[in-house]
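Chains as they are written, first to last, in this note's numbering: chain B, 8 to 315; chain H, 8 to 315; chain Y, 8 to 315; chain U, 8 to 315.
Just so you know, these hints were derived from the structure itself, not from any lab.
Values in this document were obtained by computation on a predicted structure and should not be read as measured data.
Every residue, glycine too, gets a C-beta built ideally from N, C-alpha and C.
A portion of the hints provided could be inaccurate.
To spell it out: a stretch of chain H is covered by chain B in this simulated footprint if at least three of its residues, at any positions, have a beta carbon under 8 Å from a beta carbon of chain B; those stretches are [what the hints assert, rightly or not]:
1) 34 to 47
2) 66 to 75
3) 86 to 96
4) 115 to 121
5) 137 to 149
6) 184 to 196
7) 293 to 299
4 protein chains.
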Amino acid sequence: MSLPDAFHDIAKRVNNWGRWGTDDEIGTLNLITDEVVRQAAATVRTGRRVPLTLPLQQDGVQTGVIPGRVNPLHAMVQINQEIFGPGTVACSDDVVTMGLQAATHWDALSHVSHSGRLYNGRPAHTVTPHGGAGFGGIGTVRHLVSRGVLLDVARARGTDRLDGGYAVTPEDLDAAEEMAGTRVRAGDIVLVRTGQIQACLAGDRHGYAYPSPGLSIRTPEWFHARDVAAVANDTLTFEVFPPEVANLWLPVHALHLVEMGMPQGQNWNLEELSTACGETGRYAFLLTATPEPFTGATGSPVAPVAVL
Amino acid sequence: MSLPDAFHDIAKRVNNWGRWGTDDEIGTLNLITDEVVRQAAATVRTGRRVPLTLPLQQDGVQTGVIPGRVNPLHAMVQINQEIFGPGTVACSDDVVTMGLQAATHWDALSHVSHSGRLYNGRPAHTVTPHGGAGFGGIGTVRHLVSRGVLLDVARARGTDRLDGGYAVTPEDLDAAEEMAGTRVRAGDIVLVRTGQIQACLAGDRHGYAYPSPGLSIRTPEWFHARDVAAVANDTLTFEVFPPEVANLWLPVHALHLVEMGMPQGQNWNLEELSTACGETGRYAFLLTATPEPFTGATGSPVAPVAVL
Amino acid sequence: MSLPDAFHDIAKRVNNWGRWGTDDEIGTLNLITDEVVRQAAATVRTGRRVPLTLPLQQDGVQTGVIPGRVNPLHAMVQINQEIFGPGTVACSDDVVTMGLQAATHWDALSHVSHSGRLYNGRPAHTVTPHGGAGFGGIGTVRHLVSRGVLLDVARARGTDRLDGGYAVTPEDLDAAEEMAGTRVRAGDIVLVRTGQIQACLAGDRHGYAYPSPGLSIRTPEWFHARDVAAVANDTLTFEVFPPEVANLWLPVHALHLVEMGMPQGQNWNLEELSTACGETGRYAFLLTATPEPFTGATGSPVAPVAVL
Amino acid sequence: MSLPDAFHDIAKRVNNWGRWGTDDEIGTLNLITDEVVRQAAATVRTGRRVPLTLPLQQDGVQTGVIPGRVNPLHAMVQINQEIFGPGTVACSDDVVTMGLQAATHWDALSHVSHSGRLYNGRPAHTVTPHGGAGFGGIGTVRHLVSRGVLLDVARARGTDRLDGGYAVTPEDLDAAEEMAGTRVRAGDIVLVRTGQIQACLAGDRHGYAYPSPGLSIRTPEWFHARDVAAVANDTLTFEVFPPEVANLWLPVHALHLVEMGMPQGQNWNLEELSTACGETGRYAFLLTATPEPFTGATGSPVAPVAVL
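Only chain B is shown next, with the shape it has when bound in the complex (with noise of 0.2 Å):
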């Protein structure tokens, strides 16, 4: 069994490998120039930050379909410990065992493959139980900053959450792009909204896990026209669940992290900047969504903020 022709005439079409030199681990990042920081700091008019994660706590997102993928064990290894003997000042330390994609996170480019090839050709092996990603690690994304655009397809859609199961499609990008009252360019952080965490808000992670609105598998050609730098939205699945081709899984994946090498963003609360977008018509802002650098991580948890 392979992947159908449809898949991979959209991945020709969007194909970066070598775009950046052979070597290159960073993909689309390297779309954001000096430049287009410059120009993201300079959308900041009021200095409002908005944060976009989820907490990080054992009470998560995750259900255990996903093997491995488990939410957040904290535990404390001291209290109010007096290491330097009675009446001195005392510590308090603690541990996390999690999995990296488990919550608020980035897909580093290494996080998928198809056909035995990760991004820029390399070969999939490159993963190893060792060492891990020997390739398109998340370390090697040594930081993340950019302008950062809302698209608010629910609220461009005229509802406050889409179906689960809706595909969203470059028409909705369109329309929520003309809404946002900013052009996506070279370098931008899309942020696409659909409403769904609210199920997770809610208390619901089995509604919110599946099934799921997402981005169809028509919208990577989208992002590669405008040369966006990474995409993240509010769902667990980052596109539509279940699929919108029968057995074609996790298309959009494929694209976007083996293809065009872009990172991918899952689990991402927009809910509090739908509101402060809305609010004040601007959609577009400094984001700051720095992953944390394992060394040899196929992902990583991330905090983002929008600075408005």
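Given chain B, put chains H, Y and U in place with the hints provided.
Using the frame of chain B, we list chains H, Y and U on its own:
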């Protein structure tokens, strides 16, 4: 045994309990107003981004001396797993176990107590094994973006790395500030460079840990006078180690975290930033340093980025 | 609020504090003398070994209801790694994160306290975040081998599985003992079969957990009278759940662990053993059930084996 | 590069592939028949139990040299938590993260491969990140109880501890067997004492690890001739280290685990047992050493107990 009068005298002068209300959990981070952030964004000149974090890996900063503060253990739980059948898109997933204070991190206000009290007078016993920090946990910090100012004490003193055991004084901060050409003001995040992290970067973890240059017990008053929001540096111990006053351990931790309610950062790599600031002569920048919002945690890894 | 008189009356009758000295940390395990073990070995007739443990895996007993008691997360850190160069002998290594009470386990005496006290009157606060159980930790149990006796209460009551919420009484133990054809004596480890684990084996983790048959508050006196060394059964809750007396939660835990100083085992799979004993008509055997000696732990996984 | 002829010659002579069927996953453990265990139980004279395990704690055997093989990190997640309200019975719970081969442990047959093969000719790639060992995992060992025989090579050679780098030969095993006064026979578990663990007990972890006495490449034929079920000793490396033949690393591992299908134990503390056997002059006993049944794991901690 109790803390000496020398400590309590300073404590009285820098105490911020009640200043932002009796329920406040974020202390001096209240000083980062929208206006402060707006001006911070305006410091961006070129858009160059400088990361300030160490890689997160098993071969990390910790030597085993601090019980439970384990270096990150990264493990793959899926590698190119064709979840949906042979020939489909394949996924890799990973997990991590780590001490939250193991690498480049923020101390939450709840990280330290003295005389049975946390910041704002809350009882130390609000930190529990069950839920962690019930007050002053890192998860209460929803965003951490402000103006950063590098006080390059090593350079101001004409050296590349301060001696082990050297106590950075208020006068050192004055000199570095004068060299920086900008006055530290309310809401700033101050980064104090000692050069000590060079030992760590050279692979000498034990020499990095001890003896260490670091902040003198006299510096909290300096930070308090300027209404600094947070302070980070490039050492493991943060304050000078061994301490200046015999048997007075971690006084700066207690003054910052408990008395002032000011978060501290440790193990920040300021080498590349020092070079960049030295080249441009500009030592102020936009600093993004939002911690991961672990619920109830007394600290968090952070991947800070200076935008110049 | 405090525990009711009904509890304290029983507590007085079964209390063993001081019986083996004021420094004793292993309680009724002292009853397993060399002679007891010598006789236990003499019960072996065929050499058939029956394992009593559940597999340790992510898809385990825990449902997430008990915070922090996580199912085993197993991850590979090396797979066929040719450590010494290509073509050399290759190694695979793995790590695990798990709740020590997550699967088939022993509760250490320090697992439970009431009224601020552990077994032998030690203060509950000897359990600390820093070092765990300073008294009565599982690591103080250096070996656990004795005669085991299966009291197959389900069979004795003519059923394959007791109803959820059924409280196993002293009279039930008498009947099962009579069926077993051996008198329970000092130093024995008693295994009480309810059949409840069938729910777990059939994949119904929630039904397994609740409601559950289990030991009545009246049974500790039975175990005390016979000077039993330890008791284990095939349920998650060990004692009947919901409890017999409104608002009196976990009284059997408190009587066994705190008052008697008797370790308890939970989630033991007694199905194969029940069949084996039923076939031979012999319900006594050599039982090996030494916990893993985690220093300062309040419990441990165990892989018990009955040798018939 | 491939393994030398010297290796392959021995491999042919000790190979057990197919001996217990092509689907067999437990190798020489098949030699532990009911009758073997019945006779093992009959060796018990006094009922004295001697534990053979090191404590499981952060301050453990591992030095960080073997990546990912981390010492146990123990943390409390509940301490005296009154789950059901104030004044009720209180519980303490804990979690652990550890390398499965970190302390006193068994290597599963899947722990090692050579030339792309595991025991019984199975492909090495049956060990995967997703499910671990699909063949020869430790979870396939349902019980491990047999006669144990201590071959006290150190004592037989008139020393308390063999020199680092000393290779234990078949002749040494013969001499120790003669001293033991019993002939090693089919299904026995052989414990080879070198005394090396004294370094570890004295706190010298590096000296314990290297250089180490251990089994010579000539000993697998001895174990094969006697049809031994399993072998364990009191070293980190199991076989002599550095190796006897230049660039032939871990040949004994490969011969035992891959060719013979015989589990190995490492870091067993045989000091107390040596004393006990020396006092009584009896070196055979009942040995209980069942691993924890981690599904898909390539090893497991074990708490072995000798019953004399």
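Status of each hint after checking the structure:
1. Coverage of the segment 34 to 47 of chain H by chain B holds [criterion: at least 3 residues with CB-CB distance below 8 Å; count 8].
2. Given a C-beta distance limit of less than 8 Å, the hint that chain B covers the segment 66 to 75 of chain H holds, as 3 residues qualify and 3 suffice.
3. Closer than 8 Å: that is the beta-carbon criterion, and the segment 86 to 96 of chain H has 9 residues meeting it against chain B, so the requirement of 3 holds.
4. Taking a C-beta to C-beta cut-off of 8 Å, the segment 115 to 121 of chain H contributes 5 residues in contact with chain B, enough for the three needed, and the coverage statement holds.
5. Counting residues of the segment 137 to 149 of chain H whose C-beta lies closer than 8 Å to any C-beta of chain B gives 4; at least three are required, and the coverage claim holds.
6. Under a criterion of three residues with beta carbons nearer than 8 Å to beta carbons of chain B, the stated coverage of the segment 184 to 196 of chain H fails, only 0 such residues being counted.
7. Proximity of the segment 293 to 299 of chain H to chain B, defined as three or more residues with a beta carbon under 8 Å from a beta carbon of that chain, is established by the 5 residues found.
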